[in-house]
Amino acid sequence: MVKEQTRSGRYGKFGGQYVPETLMTALIELEKAYDLAIENPEFLAEVAYYLKDFVGRETPLYFAERLTKHAGGAKIYLKREDLNHTGAHKINNTVGQALLAVRMGKKKIVAETGAGQHGVATATVCALFGLECTIFMGKEDIRRQELNVFRMELLGATVKSVDKGAGTLKDAVNEALRYWVTNVEDTHYILGSALGPHPFPEIVRDFQRVIGDETKAQILEKEGRLPDAVVACVGGGSNSIGMFYPFVEDENVKLFGVEAAGSGIATGLHSAAVAGGKEGVLHGAYMYVLQDEDGLIQEAHSISAGLDYPAIGPEHCHLHESGRAAYTSITDEGALEALQLLSQTEGIIPALESSHAVQYAVELAADMSKEEIIVVCLSGRGDKDVETVKAALGGDKS
Amino acid sequence: MTKKQITEAIQACNRRGDKAFVPYIMAGDGGIEKLRETILFLQKIGVTAIELGIPFSDPVADGPIIQEAGERALAKGVTLRLVVETVASFKDEVKVPIILMTYLNPIIQYGIEEFADDCRNSGISGLIIPDLPYEEVDLVRDALTNADIALIPLVSLTSPPERIEKITAAGEGFIYAVTVNGITGVRDGFEGQLEEHLQKLKAVSSVPVLAGFGISTTEQVELIGSFADGVIVGSAIVTALHDGDLKTVEKLVNASKNKIPTI
Ligand SMILES: Cc1ncc(COP(=O)(O)O)c(C=O)c1O
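Note that the protein sequences, when read in sequence, are chains R and D. According to the working numbering, the first sequence holds residues 14 to 411 in order. According to the working numbering, the second sequence holds residues 21 to 283 in order.
Chain D with its partners taken away, still in its complex shape:
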């Protein structure tokens, strides 16, 4: 899959009258052998793309739920290399874009070029690196461009306008709008200015804007989704998959459907 297909998948979804829905899952939570089954299930229930989290020893951008899922995966020996290899083994069955979310250090140890090549050969088309801000992207830019992998940037509520412009100008795939000051997790409320913030982002960005962090209920999927081109749901999906509660996963996904009047 190519990086253009991430943007196209979101746009196609919006044209159908749906908001994009991207679930975050922790690769190897429950064992790496479950990964294929989980990805194919999510694909079947109509997700737009899948954000595949890589477990890390020091996940500073994550809240307790994803931290614990990461610890479970690490305890089973799941590594970045193993995940990339495993995805390669069933890539022909995967029709939705796969986006890896990994902290930077495992990529550095892998070797940036080798990692980018292996991603491409596994059908992985996007990458989110939560601890690689705009200032430092030169580190990976060339390798990812050569391998046709989108580097999806994060924009936060604290990013000032000049910065947002620079980040969105370089954005590929979509813009990941962080909806809270904080880490991943489950939250009751969001800041009042969120709607305005997301609308400003959409106005300056040439790629779609997806909102994520803290979105955990069907109501939040509908509400935050209405301000953006789609949502990313992490902790709630991780919890539901861990509990084997597939119904909740389906409900969350369905909350993003038929939300845009089609002409």
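Excised from the complex, chain R in its bound form:
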């Protein structure tokens, strides 16, 4: 329905800038500042410095031997984004965007958060660079991720509860956008996923591609060749696009994005925008969106707060439409199973989000030969989820 466009900010027909006029000037300013920064060796050196000495990069690419044995097929490697400072990949993006904000002379930061991981990563870099930080978080997510709320507050951020809608990530983005429209002159919005109006999907992807770039070099060193498959979970799509992007031209590397199937796609209670959504506009971009026939956006459902978003970023939509990447889904139950499995076979408690990718990789590995290689993006650690998991498992440690 939407014409193919070649303007920047378009991924095939997806993407664009569907925002109120008040934000357009800020987006144009951001795009200009970003285009200059990303070509500037000094800026890139600054980002690299903080990623190494503050975040702790590079993260290991770890051969999960016991998990591989359990799956009984392809070799499974884990890209350990859980070992980053603050426990997830989200900080790769917040370091970059905060340095960009400083360059643009903005002293205040606003952000949304679902699981709280992006909120913590944002609050962290705001403390690091002395920026004032306001985080919007859905009421339901605040309940699910109480400790992360306290972490953000410890780091000096103001956390604002959003009780509109279901009180999850989508509602937090709405509120963050409203705040940004009102405070646009001195505030930068650090969007936390590969979503939103141009140039955000591009900025987030570029700051997350370090995941894929490192993985490529590491697997070449360890195995002397590229993997046969790469697997990552998809909420809005930042860890996955960061992992996929450097491999897009390597056609022998299959790319698998794993959405949250919640209670099951058939139940309607899920967050799988490719499987269950239609094309439409949400939060400034043309994407696959969970919606009803009148174009009202539907609530997403997932046990993992970080995947609880009713759309999938525009570049993923294009990778899906072109067939370059395949999008599948894993239920809450599957994720819980994988979380326990990885904990018990490898001594790594993964985030519930990442557990979706682990589960799919285990299933995929079983159908592949022992010579083949899968890399899973282990986007975060599971400490934040242990209470949710305990409740879901009925308190028994299974």
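It is possible that part of the hints are untrue.
Said to hold, decoys possible - Okay, derived cross-link-like pairs now, DSS-like style, lysine-lysine, Cα gap no bigger than 30 angstroms in a straight line:
(1) D/Lys54 to D/Lys24
(2) R/Lys235 to R/Lys383
(3) R/Lys152 to R/Lys120
(4) R/Lys26 to D/Lys186
(5) R/Lys65 to R/Lys121
(6) R/Lys152 to D/Lys96
(7) R/Lys173 to R/Lys403
(8) R/Lys177 to D/Lys96
(9) R/Lys291 to D/Lys271
(10) D/Lys96 to D/Lys111
(11) R/Lys45 to D/Lys186
(12) R/Lys26 to R/Lys291
(13) D/Lys96 to D/Lys222
(14) D/Lys277 to D/Lys24
(15) D/Lys220 to R/Lys45
(16) D/Lys271 to D/Lys64
(17) D/Lys64 to D/Lys222
(18) D/Lys54 to R/Lys177
(19) R/Lys45 to R/Lys121
(20) D/Lys54 to D/Lys96
(21) R/Lys121 to R/Lys177
Said to hold, decoys possible - Pairwise CB distance ranges (calculated):
(22) R/Glu55 to D/Glu105: 58 to 64 angstroms
(23) D/Asp162 to R/Ala405: 49 to 55 angstroms
(24) R/Phe76 to D/Asp158: 49 to 55 angstroms
(25) D/Lys271 to R/Leu57: 31 to 37 angstroms
(26) R/Glu42 to D/Gly264: 43 to 49 angstroms
(27) D/Asp137 to R/Ile278: 31 to 37 angstroms
(28) D/Ser226 to R/Glu42: 26 to 32 angstroms
(29) D/Asp137 to R/Gly407: 55 to 61 angstroms
(30) D/Gly97 to R/Gly407: 34 to 40 angstroms
To be verified - Here are some chain R residues the structure puts well away from chain D; computed CB gaps all over 12 angstroms:
(31) Asp307
(32) Thr341
(33) Glu400
By construction, these hints were calculated from the structure, which means they are not laboratory data. Here the structure is a predicted model, which means the values were calculated and not measured. The beta carbon of each residue, even a glycine, is placed where N, CA and C say it ideally should be.
Since chain R is already given, all that's left is putting chain D with the ligand on it; use the hints.
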């Protein structure tokens, strides 16, 4: 009604010595069956045109008052289709231009061409899409032109001069000058440069300039109105209609009358 009639209605109003007054109402707040009565009431008390808001699940450009009105309407099952159909059912009684204000996604699901045709058949002559900036208007332009529906552009305080020129050059009906950095709602004060901003806009625009967002008292109607060709009042009208306080609505409308010396 045709799109030229929106501009003409505002100009006729200005010639009479009045500033244009466009109330924003949330379609279906209080039930879709109230829509006819509300529109006919506003027409009777002398509004220039009516901005008819469509409820949406994610109204990012709206403040709490309009958000809540939208939630009430959604809870009653009000949709874009239902509003267009309902307006069609009493179009012969409507003498003032009706302008729909809707977020983009419901239009995409409706089908852009079908939506434009249905609007025309319902007597709707203008459209405001708050999340469709100048860069993206190609998406709807042809369909709206064919159906003779005005796409009324928003200009904000942050829009730089080159941008304002491009936007106003393509403007139809009137220019919607957003008077605050922010969302719809009730505000105490406005930025000092507002008068200058509105005057610059009027100088470059070939269609009238109406100011809106945050205007909620009779004093603000008079003050902001004096800088523009008219005003749009949203949250204050939505609140008054919700409370059944028709007196306040009349007072707000009257504050726009007899404000231009006629020769
Ligand atoms: C650990 C972890 N993984 C994945 C995600 C999903 O986000 P994205 O799809 O942007 O990577 C989140 C979001 O909060 C997260 O915390």
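Verification of the supplied hints:
Distance restraint check for D/Lys54 and D/Lys24: the Cα-Cα separation of roughly 28 angstroms lies within the 30 angstroms cut-off, and the hinted pair is therefore satisfied. The suggested pairing of R/Lys235 with R/Lys383 holds, with an alpha-carbon distance near 16 angstroms, which does not exceed 30 angstroms. Under the criterion of a C-alpha separation no larger than 30 angstroms, the hint pairing R/Lys152 with R/Lys120 is consistent with the structure, at around 27 angstroms. A C-alpha spacing of about 24 angstroms is found between R/Lys26 and D/Lys186, which places the hinted pair at or below 30 angstroms, so the restraint holds.
Of the pairs offered as hints, the one joining R/Lys65 and R/Lys121 holds, with about 25 angstroms between alpha carbons and a cut-off of 30 angstroms not exceeded. Between R/Lys152 and D/Lys96 the alpha-carbon distance is near 24 angstroms, which keeps this suggested pair within the 30 angstroms criterion. Restraint check for R/Lys173 and R/Lys403: the C-alpha separation of about 27 angstroms stays at or below 30 angstroms, so the hint holds. Proposed proximity of R/Lys177 and D/Lys96 is supported: the alpha carbons are some 17 angstroms apart, at most 30 angstroms.
In summary, the hint linking R/Lys291 to D/Lys271 is not supported, as the alpha carbons are separated by about 45 angstroms, beyond the 30 angstroms threshold. A threshold of 30 angstroms between alpha carbons decides the hint, and for D/Lys96 with D/Lys111 the separation of about 22 angstroms falls inside it, so the pair holds. The suggested pairing of R/Lys45 with D/Lys186 holds, with an alpha-carbon distance near 20 angstroms, which does not exceed 30 angstroms. For the proposed pair R/Lys26 and R/Lys291, the alpha carbon gap of about 13 angstroms is at most 30 angstroms, so the pair holds.
With a C-alpha separation of about 40 angstroms, the suggested pair D/Lys96 and D/Lys222 falls outside the 30 angstroms cut-off, and the hint is violated. Between D/Lys277 and D/Lys24, the direct Cα distance comes to roughly 23 angstroms. Compliance with the 30 angstroms bound is thereby established for this hinted pair. Straight-line distance between C-alpha atoms of D/Lys220 and R/Lys45 comes to about 26 angstroms, which keeps the hinted pair within the 30 angstroms bound. Restraint check: the Cα-Cα separation between D/Lys271 and D/Lys64 comes to about 14 angstroms, which is no more than 30 angstroms; the hinted pair holds.
Restraint check for D/Lys64 and D/Lys222: satisfied, since their Cα atoms lie roughly 29 angstroms apart, inside the 30 angstroms limit. For the suggested pair D/Lys54 and R/Lys177, the alpha carbons sit about 26 angstroms apart, so the restraint of at most 30 angstroms is met. The suggested pairing of R/Lys45 with R/Lys121 holds, with an alpha-carbon distance near 19 angstroms, which does not exceed 30 angstroms. Between D/Lys54 and D/Lys96, the direct Cα distance comes to roughly 12 angstroms. Compliance with the 30 angstroms bound is thereby established for this hinted pair.
Proposed proximity of R/Lys121 and R/Lys177 is supported: the alpha carbons are some 24 angstroms apart, at most 30 angstroms. For the pair R/Glu55 and D/Glu105, the beta carbons lie near 60 angstroms from each other, so the given range of 58 to 64 angstroms is met. The hint said 49 to 55 angstroms for the Cβ distance between D/Asp162 and R/Ala405, and at roughly 51 angstroms that hint holds. For R/Phe76 and D/Asp158, the Cβ-Cβ distance of about 51 angstroms falls inside the hinted range of 49 to 55 angstroms, so the restraint holds.
Here the CB-CB span from D/Lys271 to R/Leu57 is close to 60 angstroms, at odds with the stated 31 to 37 angstroms. Judged by the Cβ atoms, the range 43 to 49 angstroms given for R/Glu42 and D/Gly264 holds: they are separated by roughly 45 angstroms. Between D/Asp137 and R/Ile278, the C-beta spacing of about 35 angstroms keeps the proposed range 31 to 37 angstroms intact. Checked against the given bound of 26 to 32 angstroms, the beta carbons of D/Ser226 and R/Glu42, roughly 28 angstroms apart, stay inside it.
Between D/Asp137 and R/Gly407 the C-beta distance comes to about 56 angstroms, which sits within the given range of 55 to 61 angstroms. Look at D/Gly97 against R/Gly407: about 39 angstroms separates their beta carbons, and that is inside 34 to 40 angstroms. Against chain D, the non-interface label of R/Asp307 is violated: not every CB pair exceeds 12 angstroms, the least being about 4 angstroms. In this structure R/Thr341 is separated from chain D by more than 12 angstroms, as the shortest Cβ-Cβ distance comes to about 26 angstroms.
Distance check for R/Glu400 against chain D: the nearest CB is about 29 angstroms away, which clears 12 angstroms, and the non-interface claim stands.
Hints 9, 13, 25 and 31, counting from the list given before, are not met by this structure.
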